[in-house]
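Could you build the full structure based on these sequences and the hints that come with them?
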Amino acid sequence: MSEHLDLPEIAWRRVSPRYIVVDMVGGLIFGLFVVGAGSVVAYFTGLSWLWFVVAAIAVVFVVTLALTPRRVRAIGYQLRDDDVLFRRGILYQRFVAVPYGRMQLVDINRGPLARALGLSELKFVTAAAATGVVIPGLAEADAEELRDRLVALAESRRAGL
Amino acid sequence: MTTFTDGEWHRLHPLTPLLRGGITFVAIVGFLLYNIRDILIDMLFGGRGGEGEPLVWLYESEYFWLAVLALFVGLGLVIVGYYLAWRMNTFRITDEVVEVRSGILFRRNRKGRLDRIQGINIARPFFARLFGAARLEVNVAGQDANIKLDYLASSAADELRREILRLASGTRVAEAQARAEAEIQTDAAGAPIPRSAAVSQLIDQRVSELLAPELDPGLAPPESVVTMNVGRLIGSLLLSGFSVFVLLLVGGIAWGVAATGSYLFLIGVLPALIGTSSFYISRFTRSLRYSIAGTPDGVRIGFGLLSTSNETLPPGRIHSVQVTQPLLWRPAGWWEVKVNRASTSSAKGAAGQANTTILPVGNLDDVRKVLALVLPDLATPDSVSLLERGMLSPGGDDGFTNSPPRARWYLWFSRRRNGFAMLPGAVVLRQGVVWRQLTVVPQARMQSVAVSQGPVFRLLRLASLRVHTVAGPITPSLSAVDSTEAVRFFREVADAAILSSSTDTSHRWRSGEAAV
Numbered sequence: 002m003s004e005h006l007d008l009p010e011i012a013w014r015r016v017s018p019r020y021i022v023v024d025m026v027g028g029l030i031f032g033l034f035v036v037g038a039g040s041v042v043a044y045f046t047g048l049s050w051l052w053f054v055v056a057a058i059a060v061v062f063v064v065t066l067a068l069t070p071r072r073v074r075a076i077g078y079q080l081r082d083d084d085v086l087f088r089r090g091i092l093y094q095r096f097v098a099v100p101y102g103r104m105q106l107v108d109i110n111r112g113p114l115a116r117a118l119g120l121s122e123l124k125f126v127t128a129a130a131a132t133g134v135v136i137p138g139l140a141e142a143d144a145e146e147l148r149d150r151l152v153a154l155a156e157s158r159r160a161g162l
Numbered sequence: 004m005t006t007f008t009d010g011e012w013h014r015l016h017p018l019t020p021l022l023r024g025g026i027t028f029v030a031i032v033g034f035l036l037y038n039i040r041d042i043l044i045d046m047l048f049g050g051r052g053g054e055g056e057p058l059v060w061l062y063e064s065e066y067f068w069l070a071v072l073a074l075f076v077g078l079g080l081v082i083v084g085y086y087l088a089w090r091m092n093t094f095r096i097t098d099e100v101v102e103v104r105s106g107i108l109f110r111r112n113r114k115g116r117l118d119r120i121q122g123i124n125i126a127r128p129f130f131a132r133l134f135g136a137a138r139l140e141v142n143v144a145g146q147d148a149n150i151k152l153d154y155l156a157s158s159a160a161d162e163l164r165r166e167i168l169r170l171a172s173g174t175r176v177a178e179a180q181a182r183a184e185a186e187i188q189t190d191a192a193g194a195p196i197p198r199s200a201a202v203s204q205l206i207d208q209r210v211s212e213l214l215a216p217e218l219d220p221g222l223a224p225p226e227s228v229v230t231m232n233v234g235r236l237i238g239s240l241l242l243s244g245f246s247v248f249v250l251l252l253v254g255g256i257a258w259g260v261a262a263t264g265s266y267l268f269l270i271g272v273l274p275a276l277i278g279t280s281s282f283y284i285s286r287f288t289r290s291l292r293y294s295i296a297g298t299p300d301g302v303r304i305g306f307g308l309l310s311t312s313n314e315t316l317p318p319g320r321i322h323s324v325q326v327t328q329p330l331l332w333r334p335a336g337w338w339e340v341k342v343n344r345a346s347t348s349s350a351k352g353a354a355g356q357a358n359t360t361i362l363p364v365g366n367l368d369d370v371r372k373v374l375a376l377v378l379p380d381l382a383t384p385d386s387v388s389l390l391e392r393g394m395l396s397p398g399g400d401d402g403f404t405n406s407p408p409r410a411r412w413y414l415w416f417s418r419r420r421n422g423f424a425m426l427p428g429a430v431v432l433r434q435g436v437v438w439r440q441l442t443v444v445p446q447a448r449m450q451s452v453a454v455s456q457g458p459v460f461r462l463l464r465l466a467s468l469r470v471h472t473v474a475g476p477i478t479p480s481l482s483a484v485d486s487t488e489a490v491r492f493f494r495e496v497a498d499a500a501i502l503s504s505s506t507d508t509s510h511r512w513r514s515g516e517a518a519v
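Here the protein sequences come in this chain order: R and L. Heads up: the first sequence begins at 2 in this note's numbering, then just goes up one per residue. Heads up: the second sequence begins at 4 in this note's numbering, then just goes up one per residue.
A hint or two may mislead.
To be verified - Derived contacts from chain R toward chain L, CB cut-off under 8 Å, selection only:
#: 1; residue: 53
#: 2; residue: 92
#: 3; residue: 94
#: 4; residue: 96
#: 5; residue: 99
#: 6; residue: 102
#: 7; residue: 113
#: 8; residue: 114
#: 9; residue: 116
Said to hold, decoys possible - Covered stretches of chain R (in silico footprint by chain L; criterion: 3 or more residues with CB under 8 Å from a CB of chain L, positions within the stretch not fixed):
#: 10; stretch: 5-16
#: 11; stretch: 129-137
Honestly, the hints are just simulated from the structure, not real lab data. In this text the structure is predicted, and so the values were computed from the model without any measurement. Backbone N, C-alpha and C define an ideal beta-carbon position, used for all residues, glycine too.
In C-alpha cells form, the structure reads like this:
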C-alpha cells in the first residue's frame, strides 16, 4: 500500500540521459577510491573483520551505481508561470517550489566530464540555504537559455527579501 | 541644526577615538602611572624600591631619556593615528543608500541600500553612555553586513535612525518636511557643542539619558507594551534548562565527594560557579529593562541595563516567529518568542545569543501583544484565536490539520498536536506536546517550500514538510503529516507564496501612504 508522492498535473521536464554517465563515473571513481583505501588499511593491519566492512561498502556502492539510471530519470523540473518546481529521488523523494521573485542568483557549474559530454548544472540560490535546488545534466545551450530566462523572470518579479 | 540626511559627507562624534580605544588607553596610562609612582617616590625620598622592575631598571639605565622620547613619539603616533582615523571616517545618507568610508592606508567603502535595511540598532555601551555617545548600526541582509557608525552623539543617533527609517520607508517629502519642522533641536555629531551651555545643564542631560534608555519619546509611545516582571524573570531563569543542567552538575559533584570521600571534585567548582553566575547575571541584566513597542516604522526592542541596545525592525523584516514553552515553564504559563531575521546584529540579545529573542519570557497576554506587533496582519480575531489554539490546545479538531492516527508509530505523544494551518498571509506550524512550539511564517517572506518522503514514511503514507526561510534559530518544518495533506499543503503554500510576494511592498513599507 505504499504510495509515492506525486503532483500528477505537472508535466515534468527530465534531464539529459547522458547525465547517467557523468553520475556513474563520478560514483565509480569515488567508490573505487574508498574501497581501495579501505583495502589498503585492511591489508596492512591484517584485521580480518575490516574486509567485511570493505565488502559491505563495496556492495552499497554497486547498488547505488545500479540505481543511478533510475535516480537520474527521477530528477525533474518544471517552470510554471511564477515558480520553479523541482523533484528528485526515488527512495527519498523531495519536491521543492521556488518562486522566481525569491531567486537571488543562478549558478552554472560544469565538471570536467560533464563538459566533455556538453552538460551543465544549474543551481538556484535563494536567501534560504536550505532551498537546495540543483538541476544537473542540462545541455549547455539549454542551461544558458534557462539561466537567462530565470534571471529575467526573477527581475520582473523582484520583491523584498 | 545639521541634518545628516542631506547627502553630504559627515564625520562621527569627536570623542570617537577615545571611546573606541578608550579602555585600552586608560589601562595603559594606569599601568604607567602605577609604575611611575614608584620612581617618583624614589626620586623624592632616595629609597631603593622595586629592584627588578623593568621601569625602574630603565630609569637607572643611560637610555632613560631615549625611552621617554620613544614613549612620547609612540603616544603621539597613536593619537595622530586615531585622529586621522576619525578624520577619514565619514558617512553620508542619500535617498537611496547609506555609505561609510574609513581607513587611513587601506581605504574601505561600504554602501547599503536603504530598501534592503533589515534593522537599525542603537547600542550604548556603558562607557560610551557616560559620554552621551551611541553606536548606530544599520543592518542589511547577510552575515557581517552591518554598517556601523560609531560613535554618534546619543540624541543625534536617535534622530539619524528616524531619518534613515523615513527615507527607507518610501514616504515622500511633504510629510518629511512637516516632521522636520517639529524636530527637536539637537547637537549633531561633529557640530561644535555650544560652550555657553551651562555645565549643570549638560550633566542634567547625561543623567536623564542614563536613567532613560528609552530615548526619543517622539517616535514611540514611551512605555513598552510588555513590562518585564522581576519575579517572573528570576523564575524563568531558575526554571530554565540551564538550571537543570547546573543542578545535575551540583548533584554529580556532591555524589562524587560523598562516594570517594576526597574533595578533589571541588576543584572544578570555582570556575563553574563563576561561569554560571555570570550567565545568570548577564541574562538578568540584559532582560531586566526589556522593552518592546510599535512605531510607524517598525517594532522597537530594547535590552540592557548598563550597556543598552535598542533596535528597530521595520515591517516585513521578520522572516518567521516561534513561540515556545519549555516544560518547566508550563505551570506558570510562560512563553518565549523568537524570530528569524535576514541580518545579524552585532549587539547581543537577551542571553548574549544573537539578537533573535524578542520576548525572553512572558505570559499569554504578553505573547498576544508581541505577536500583534510583529505580525500585524494576523491581528484579526479569527487569526488570533487560531494562534492561541495553536499554543494552548491539547490537539484534535481545532483548525489545524494534524497528523493521522497511524503517525503514532513515529510521534508517540505529540501526534494530536503535530499539524499545520493556513491563515491569510501566513503559514502556521504546531509541534510538541511536552515542549509546546508554534511557528508562524509570513507567506511574503518564505523563500521556498519543500515536501519530502523517505522509505519509512512511505510505508506509513506520511511525509515531511519544510518551509525555507533565511537562516536563524527557527527551522520551520513538520514531519509525519498525511501524505495527501502534505501535497495539498505544498500546492497551497507554493501558490500563496507567489501571490503574497507579488503584492508585498514592505521593502518600502510606507510607499502606499505616499500617494495620499
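> Of the numbered hints stated previously, which ones are contradicted by the structure, given in increasing order?
Replying inline: 1, 7, 8 and 9
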